[in-house]
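There are 2 protein chains.
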Amino acid sequence: MKTIESRSNPLYKQLFKWQSSAGRRDEPILLEGVHLCEAFLALGRQPQYALFDQTRITEPHLAGLIENLSEEVCCLLPAGLLANLSNVDTGQGVLFVVRPAVATLPTHLNANMLWLDRVQDPGNVGTLLRTAAAAGITRVLASTGTASLWSPKVLRSGQGVHFGMHLHEHIDLLAVARTLVVPLIVTTLSEANDLFEVELPVQAAWVFGHEGQGVSQSLIDLAALRIRIDHAQAVDSLNVTAAAAICLFEQRRQHR
Amino acid sequence: MKTIESRSNPLYKQLFKWQSSAGRRDEPILLEGVHLCEAFLALGRQPQYALFDQTRITEPHLAGLIENLSEEVCCLLPAGLLANLSNVDTGQGVLFVVRPAVATLPTHLNANMLWLDRVQDPGNVGTLLRTAAAAGITRVLASTGTASLWSPKVLRSGQGVHFGMHLHEHIDLLAVARTLVVPLIVTTLSEANDLFEVELPVQAAWVFGHEGQGVSQSLIDLAALRIRIDHAQAVDSLNVTAAAAICLFEQRRQHR
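Chains P and X are the protein sequences, given in the same order. Position 49 of the first sequence, counting from 1, maps to 49 under full-length UniProt numbering, and the rest follow consecutively. Position 59 of the second sequence, counting from 1, maps to 59 under full-length UniProt numbering, and the rest follow consecutively.
Derived by calculation from the structure, the hints in this document are not laboratory data. A few of these clues could be false.
Note: identical chains are not told apart, hence a pair may lie in one copy or across any two.
Straight-line distance between alpha carbons at most 25 Å, and here's what the computed DMTMM-like set of lysine to aspartate or glutamate pairs gives [to be verified]:
#	residue 1	residue 2
1	Lys17	Glu27
2	Lys153	Asp26
3	Lys13	Asp194
4	Lys13	Glu191
5	Lys153	Glu32
6	Lys2	Glu72
7	Lys2	Glu199
8	Lys13	Asp236
9	Lys2	Glu71
10	Lys13	Asp26
11	Lys153	Asp121
12	Lys153	Asp89
13	Lys17	Glu32
14	Lys17	Glu72
A quick note: this is a predicted structure, and the numbers were derived from the prediction, not measured.
Could you build all of it, start to finish, from the sequences and the hints given here?
Next up, the structure:
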């Protein structure tokens, strides 16, 4: 196993750069915590580096990870140096450095999909990915203006689903919508059908939008189906993650 | 209108104490931002104090609030002093000081209810309240160990629903469950019925639990109905807010 003993180690300097550019395109990303690292390994992949707090490697969770890693990717660090690479207050003694899977957008999009139109909050975006994966969706298209899908907070709230999905960022949703072979469904409050009174298609591009402004009017105009979720008057609207959960699982209910 | 000009103003000192004890029982709380303040006023209530950034009161949103306030509760402050009372980076120039409504737990609980069993994350708790309100629920019971319902983050993600609900904190859910007249429903992964194959009761106490550990075994043992949400194998579980949205709106779908 490699070891890093000081800040001046060239690999450490490189790691620190990657940590600072978290979520930027084509840069390696740092996975925090045992659960995310396990999820990554469970897909049969190996990280570029697996960084461990050298004082904790006998802890069962960490030892379990090490068993499933090639020796050449493992690297031991003093606790303080590892903590400097971390975004959480109490780290679990491990960070993986991985390359985000680069997915190429197929010319024919004919699967059930999640489309994110300027969804801002990283926690919401991660929860949306997790909910979509739970509903059986494996492809996500995100517009420019959506929180970076590979940022630490999105990874954290995604709980490891990233590595089993095809994720496309900085997509011109309007351009893609014009060539779409499955129906485009938007959630909106005006001139919309009641979710529970519609026969939903088996496959669709489900668009969920900005937390305050909702889905862009240009996408609403192109939609094959406008959906609203009937709710009590006590609220103006549902949180975007709640709305997506209700829609995607109603579709699942109708077609299982 | 009152004015506060320095940190040494006695009212300012008091406000600062309340800000620091945010969410503690029986203390006034500070509402941040135009939307929450509007939601509070919309219920016909008046705050104890309405604090405004003295340089911004002609902005339309703030002027709109002032129109609906008694003059004696309004108070103008320099921007810096107001910012010191705020939990957000870019304030909207207004804070309301209000007393949380103290709800007394009725002896007979026969409405549809949300029960929170050690739900930790304030963002999740706020979203759960908002989703429950959207589903028509007005009563929430929270165990000790659940994030404080009146903390700034819960208020923010609740988006103003707090003021129209009966919220009960630090409740011994197990004790209340033993005297319950409506069915207790828990979401759990083992020995549970498929949500979409069950006839749900019109009224129930819906229990959602700790993000990692789920609902306490003692509550599961008392439940009239155990529910699981059938999902794709790509995830271990759903986020608690997604699970609640799916369950509460499936009940709404069945009974509207």
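| query | Which of the listed hints are broken here? | reply | Hints 3, 4, 7 and 8 contradicted; others consistent.
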